[in-house]
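Novice: The listed protein sequences derive, respectively, from chains A and B. In terms of the working numbering, the first sequence opens at residue 989 and continues consecutively. In terms of the working numbering, the second sequence opens at residue 1067 and continues consecutively.
Keep in mind that a hint or two might mislead.
Unchecked claim - Which residues of chain A face chain B? A few of them, derived with a C-beta cut under 8 Å, are: (1) Ser990; (2) Glu1014; (3) Gln1015; (4) Leu1019; (5) Tyr1025; (6) Leu1029; (7) Glu1037; (8) Gln1039; (9) His1043; (10) Met1046; (11) Leu1047; (12) Trp1123; (13) Leu1157; (14) Arg1158.
Derived by calculation from the structure, the hints in this document are not laboratory data. All C-beta atoms, glycine included, are put in the ideal place defined by N, C-alpha and C.
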Amino acid sequence: MSSHFAIDVPSSLIERGARGDMRAFEQIYRLFERPVYTLALRMLGDADEAQEILHDAMLQLFRKLGQFRGDAPFWGWLRKIAVNEALMRLRRRGVVDTVDAMPEPEDFSTASPEHQRDLERALGRLPQVTRSVVWLYHVEGYSHEEIAESFGKSVSFSKSQLARGTQKLRALYEAPMAQVAYA
Amino acid sequence: MPDDRFQPHPDQDDAALAMALAALPLQTPRADGFAAIAHELALATPRPDHGDRGRRSTTAWLALAATLFAAIIGVRLLHPRTAFESDAASSDADTTRRLIEQSQQLDAVLATIDARSVPIDAASAMASVELENLIGLTDLQLNAATRDDEAEALWSRRVELMTRLAATRSSARFDALSDNDAAFLQDASYRID
């Protein structure tokens, strides 16, 4: 797991933020601005909504900063807030409850040779819930139990979403890897 | 026929996919959202009750505010023809010249206010920053302006923004005067030299 959130924040900075020090707030904001935005963008797939989630999550963070107990990493706490904000959006759209409406697999055969861009494009083509599960599991290191709890679903929901999403992404990822291996 | 040793194992494949996903670059928001958050937080934060301190500083506050108000109004009285009260008879060049003079005098007023380095509350600070940004934008537009009517409108805009900035800062500093400032200004208010 290599979450972009995994940033150590000095406790003194958190304490200053909890006391309402705007400079400390801003430092925390700057540290996590891009990880929160990226997570939101990966889950929602929409830049405007990702910007709104960044705003709402940071506002939540600063309002709750005094409640942070320090018994877990600060970044994990913030990530949880960001994930919850993104999931609230998905629920408002009703997509969490209609996850069976999966589109047919995309044809990646015409993908550009630039692999990262292909992968981003493929990720963007996944249904929102599937994409969120894939991202939370593979990048943020969530367990199936944590994903199930976050979505208010069963563990089998998490597993099936991951399997379907991973299968689609793998179709894209394996081809260039194979080309390298057999070259 | 490819060698089977190169076929990725499903678990390795998942790990490879996870690595590839994690290696995707961080995305950057299109807009800097911190100012909006700071503004919202400031609006939601109740102003502290200054109690006796607030009452003691009232006279001093009024003295400073009156001085600043007079300075701003003085600019208006000396140069009554602003964009708010356009004078069709005056030439564009005269109007623009007057607006530039008003702008310069407001610069002096702001320098007077800023010379008193009193901390101000977050809401006022954010409002000031926003106004400063708008003034900076207006300056950029002025540099690029090619037509007289365009320049006049921009100078008018600059005067309006600077008037609002002066009002915001003087009001905020009035709120934030410390006991020491108040005592000093009270003495100064009644001193006859």
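Novice: Honestly, which of those hints from before does the structure not fit?
Specialist: Hint check: 3, 4, 7 fail, others pass.
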